[in-house]
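Student: Chains as they are written, first to last, in this note's numbering: chain C, 1 to 234; chain E, 1 to 234; chain R, 1 to 234; chain H, 1 to 234; chain S, 1 to 234; chain X, 1 to 234.
I should point out that these hints are in silico values taken from the structure, not numbers from a laboratory.
The reader is advised that the hints may include incorrect statements.
One copy or two, either will do: identical chains are not told apart, so a pair holds if it fits within one copy or between any two.
The list that follows gives simulated cross-link-like pairs (lysine-lysine, BS3-like), each with its CA atoms no further than 27 Å apart [as the list claims (entries may be wrong)]:
#1 Lys94 / Lys172
#2 Lys42 / Lys172
#3 Lys159 / Lys172
#4 Lys94 / Lys159
#5 Lys161 / Lys28
#6 Lys94 / Lys42
#7 Lys161 / Lys17
#8 Lys203 / Lys28
#9 Lys94 / Lys203
Number of protein chains: 6
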Amino acid sequence: MVVLDKSRRVVIKLSGKVFSGEDGSEIKRYASMLANLSSSAKVQPVVVAGGGRVARHYINIARGFGLDEASLDIMGIEVSRLNAKLLIAALGEKAYPAVPEDLEQVTEAAASGKIVVAGGLHPGQSTNATSALIAEKVGAARFVNATDVDGIYDSDPRKNKGARHYSEITTKQCRDLLSGESSMAGGYDLMDIVALKVIERSKIPTVVIKSEPEVIRDVVLKNKAAGTKIIVGA
Amino acid sequence: MVVLDKSRRVVIKLSGKVFSGEDGSEIKRYASMLANLSSSAKVQPVVVAGGGRVARHYINIARGFGLDEASLDIMGIEVSRLNAKLLIAALGEKAYPAVPEDLEQVTEAAASGKIVVAGGLHPGQSTNATSALIAEKVGAARFVNATDVDGIYDSDPRKNKGARHYSEITTKQCRDLLSGESSMAGGYDLMDIVALKVIERSKIPTVVIKSEPEVIRDVVLKNKAAGTKIIVGA
Amino acid sequence: MVVLDKSRRVVIKLSGKVFSGEDGSEIKRYASMLANLSSSAKVQPVVVAGGGRVARHYINIARGFGLDEASLDIMGIEVSRLNAKLLIAALGEKAYPAVPEDLEQVTEAAASGKIVVAGGLHPGQSTNATSALIAEKVGAARFVNATDVDGIYDSDPRKNKGARHYSEITTKQCRDLLSGESSMAGGYDLMDIVALKVIERSKIPTVVIKSEPEVIRDVVLKNKAAGTKIIVGA
Amino acid sequence: MVVLDKSRRVVIKLSGKVFSGEDGSEIKRYASMLANLSSSAKVQPVVVAGGGRVARHYINIARGFGLDEASLDIMGIEVSRLNAKLLIAALGEKAYPAVPEDLEQVTEAAASGKIVVAGGLHPGQSTNATSALIAEKVGAARFVNATDVDGIYDSDPRKNKGARHYSEITTKQCRDLLSGESSMAGGYDLMDIVALKVIERSKIPTVVIKSEPEVIRDVVLKNKAAGTKIIVGA
Amino acid sequence: MVVLDKSRRVVIKLSGKVFSGEDGSEIKRYASMLANLSSSAKVQPVVVAGGGRVARHYINIARGFGLDEASLDIMGIEVSRLNAKLLIAALGEKAYPAVPEDLEQVTEAAASGKIVVAGGLHPGQSTNATSALIAEKVGAARFVNATDVDGIYDSDPRKNKGARHYSEITTKQCRDLLSGESSMAGGYDLMDIVALKVIERSKIPTVVIKSEPEVIRDVVLKNKAAGTKIIVGA
Amino acid sequence: MVVLDKSRRVVIKLSGKVFSGEDGSEIKRYASMLANLSSSAKVQPVVVAGGGRVARHYINIARGFGLDEASLDIMGIEVSRLNAKLLIAALGEKAYPAVPEDLEQVTEAAASGKIVVAGGLHPGQSTNATSALIAEKVGAARFVNATDVDGIYDSDPRKNKGARHYSEITTKQCRDLLSGESSMAGGYDLMDIVALKVIERSKIPTVVIKSEPEVIRDVVLKNKAAGTKIIVGA
């Protein structure tokens, strides 16, 4: 068993958007970057895949049939695991071959030293919160949250042109900003409260960045300023 | 525990096409028909859902990444189980709430007397073959294979206008027709050899029909001639 | 299978304190009340047991050994399941005999019509949040959160004599009050943010009351005003 | 984790006959050969054990009690796993210690670099078909089907003295020959249709040989012409 | 769910000999008697099947290969579960359809009100001890141990013609008699020490009788004196 | 996979007392000794943790509620597994991270070469008996039973001042001494009959010593005479 220094583990949450294309080209780009991180820099990526377009498809139909929200969460998790399998297929031998389904399986998978790719773990928990818990469990040096926007703003920058971007934000400020967010299954975004609390209780260095392979690579390898850095505290 | 007379069980294989729409309207139509069968006629439907469009999406991408065919089969099965969940959601209280994942779970689910909805069970096995095995295991009175065409032809009627339709066909003739069929994951169609052998060894009355709610209802309730009846023998 | 009208299901979260005594007398009192609810009033209680003193014992020691917070959550869950077993033993034939370990098992257990007793389900999720998810999944008519204090105050009434008690509070006000709360494993209290979001998304009628058998009985049977009623909205 | 070059993996299907003796001497002979293959030639054998005499014993009795064919298949699989355990015991430290029960477990077991011994995996699937699927999943360089006769004939050589032996046969010819075969549980022989399709879809080099330790060794190590080579194509 | 009065449950341990015949005629005789008990007398039989000839076959071969005794126990348990499946097949609809594999599954199975058939449960535990534990767990009114001889003797009656038969024996006397017994896997006989302790701690009325369908029926229905009654105490 | 010479494995049973303190200091002392054994002397400790004070707490309350003895055993096992988790937390990277729950998981865990920590495995089996079975399964060179007293006496030395201490005892003498022992869950002590039989059938070198870290270390490393050595035979 290869035991990699825990501090080389980096948890990377990939937005479901990566998996929403009609073909696999986008996934391939991320796989190349991850394989590159894994081999050149002795980083061990632990990836959490989102559900994306297919998850929304199933959730919307089932919600129309009156399925309860907790069961909808479970459907979203199952799709995110299929997405995780695609990324594992694209990574080939570089990846741990199975998708872990709870924190203990994540630990086992991480012990292999290979790239680990999980999907969601539990209903009622966003993939952000799951990623933070995984970072805590595997003792990750960093949690990189790759999203659709280039960091945290004081309002939604896709709707509000004058939204202010933070290069740094405290967890306290973050909570204030996000306290209005809704949590219908499939509607999670950026950081949520559970993720923030986990980051706080275990003091996990966290950044929120725009999801692009090069941006992720630069943050992980060069700690290059991009997106928003989350500071634990008031 | 409601023990329904085994002979009231009918296994219905639903093509993945039912689940390939952008919304849930098609699924809803099938759910109404199944609920109707279940309540008015004391039939217990045991449904096997195919993978359809979403399954092909995952399989095509993963095959492009070089994933082996057996693992592709597993992805297709996982999507068919998500489809099964949609149908269960649409059926509400009429359906057994979980998707059984092996023959023993199918037996348990069927013992509830409710409508059972499964997806695929095993890699290397088409949903046709799986449906035949399920029919065998639950002692079904009939196996109704609802497909994209209205029965078995001597060549593909979508390509060949002069293709001859059978109103009855022996399993032996069937085998001769189908011996050229390929079995890439996602490419199964109509009856395959394993399904035929199971039908033969357990003498399961089988029909291949066009998948339309009314056609299925008429076959199940009125045994109305539609599609192709498969006769066990030479 | 006895199918009880879903709307008769009431989720009751019992504080770990109920299970913290040296003997079983306190548990016995709650069991009598639950058995009584179950038989006289055609209510189906679905109980979630907290971890209490024994959970804190294990968590404190293991935290001293440097165990990560996610693993500590898991220990707390395991103790809460042992507590659930004690309550099941006290209830005898009135209870579903096993402790469900995920939402699907809760659904199955609830389908028995008997009193269901769960513990925690997932790491990173308070028993409050778990209770709200369970209420959502089983379609409960009500979520009764039985705690150490007699409802929600604007500050901790055990520390601040002048704390103001709410007889009603909106989920929005609740979130504002609770946004400062810490989430070390074992330190959850009253409602937390995840629980509130689940209550909001599924509009679950919720009360926070002081944990006393008679208080719980009166709220469930007579809807008698006690504690704090949570109103979904701003 | 020892990662062996996939192309050194050879799937060897052992007829149930190997396990049908009153004592373990026959199993011992095969174990010696396998251990020898494993150490001297850097081949990683992945073995699939058949059910043999004991499987037929259980299947015959249970069929007499009216048990359905799918359940009989499961009994046969369970006996084949007991046989696999005997071979593992005979191999000692050379073998992966557990019998894998699905394709994912086979993958994990094969990753150990040790000799893997499986039994059947799924009802409705012959051990030939299972072996072909395993060959596909582990990326085997070869599939060696060790049977009771020394290759494929145009009719049963045990019944027909003039039966013609093939030194090579195409999958297409094979299908024609075998299309008449019956599939009562326990009655599978040589290649079946599912196995052939898997061989075709993944172009797995396959030989059918007489089951003798030296014959297997010579085929694996020296690629020595023996039995029948199956050529993918028409 | 049919809840049968617990006190109607009778645990019957069937010697592996019942399952050692070449055909199923012996099993059929026991199945008729059990079905009869179950329907005519409102007794719920909970049967524990031994391993018999086939278990000894596997154990002897594997012991010859140097397999450890604990693993041999596991093989014996697996064969006893195959035997249990045969009896379930012979009982048809009268039996709970699955073989329970731990005490909690036994409880669930027994809750169905049907005849339950288990095999062994744990390595290191004879089927006698397992039967006593099952009797304890399901609250059985009686434990009937059907063996190859007609009760307990002061020495082996098959070897010693003058052996004295007990019509009653205390658990204390029993322990003295049996303290010399060896416990190689497959060599358990009559009562063993663990079984005796369980009988003592839960005061389970126990008889050891000769295994014949009529003898079992008479003991269960008429409490007719046969074999040896075990008295709890000194 | 590190394959450690089996003969370096030593099974150490730790009394529940080690885990009964209010804080973790006692556990820490044992962890240091075990880590030390593991690194300096190339011994692989395989530890079995008892249930101790917390187990008795749950068992006493549940017995008061009338729970059956088999279910009480299960509660005790669950507490012993929580204790095992504490020791694993204290050992950190030196320990296999999960608590194995059956003999096959123990084998897998032991294959890691790390310190393995199990709790109980099966109801109806003392942790002594479980330890002996584990010693058998992993091919341990020794079984060290660390208890509350410094070896085996001819009567309870805590009650009888004149009790005679054995420096060596045969398994036969042991059985005679212990045949009066009761087996209420939670009341097992020293060796029991099942443990003795396992020791006999697999000839496992065994010592019973007073549980002190230095005493255990000296016995394991220097084979220093302490406590009672158990001799297989009459």
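Student: Identify every previously stated hint that the structure contradicts and give their numbers, smallest first.
Tutor: 1, 2, 4 and 5
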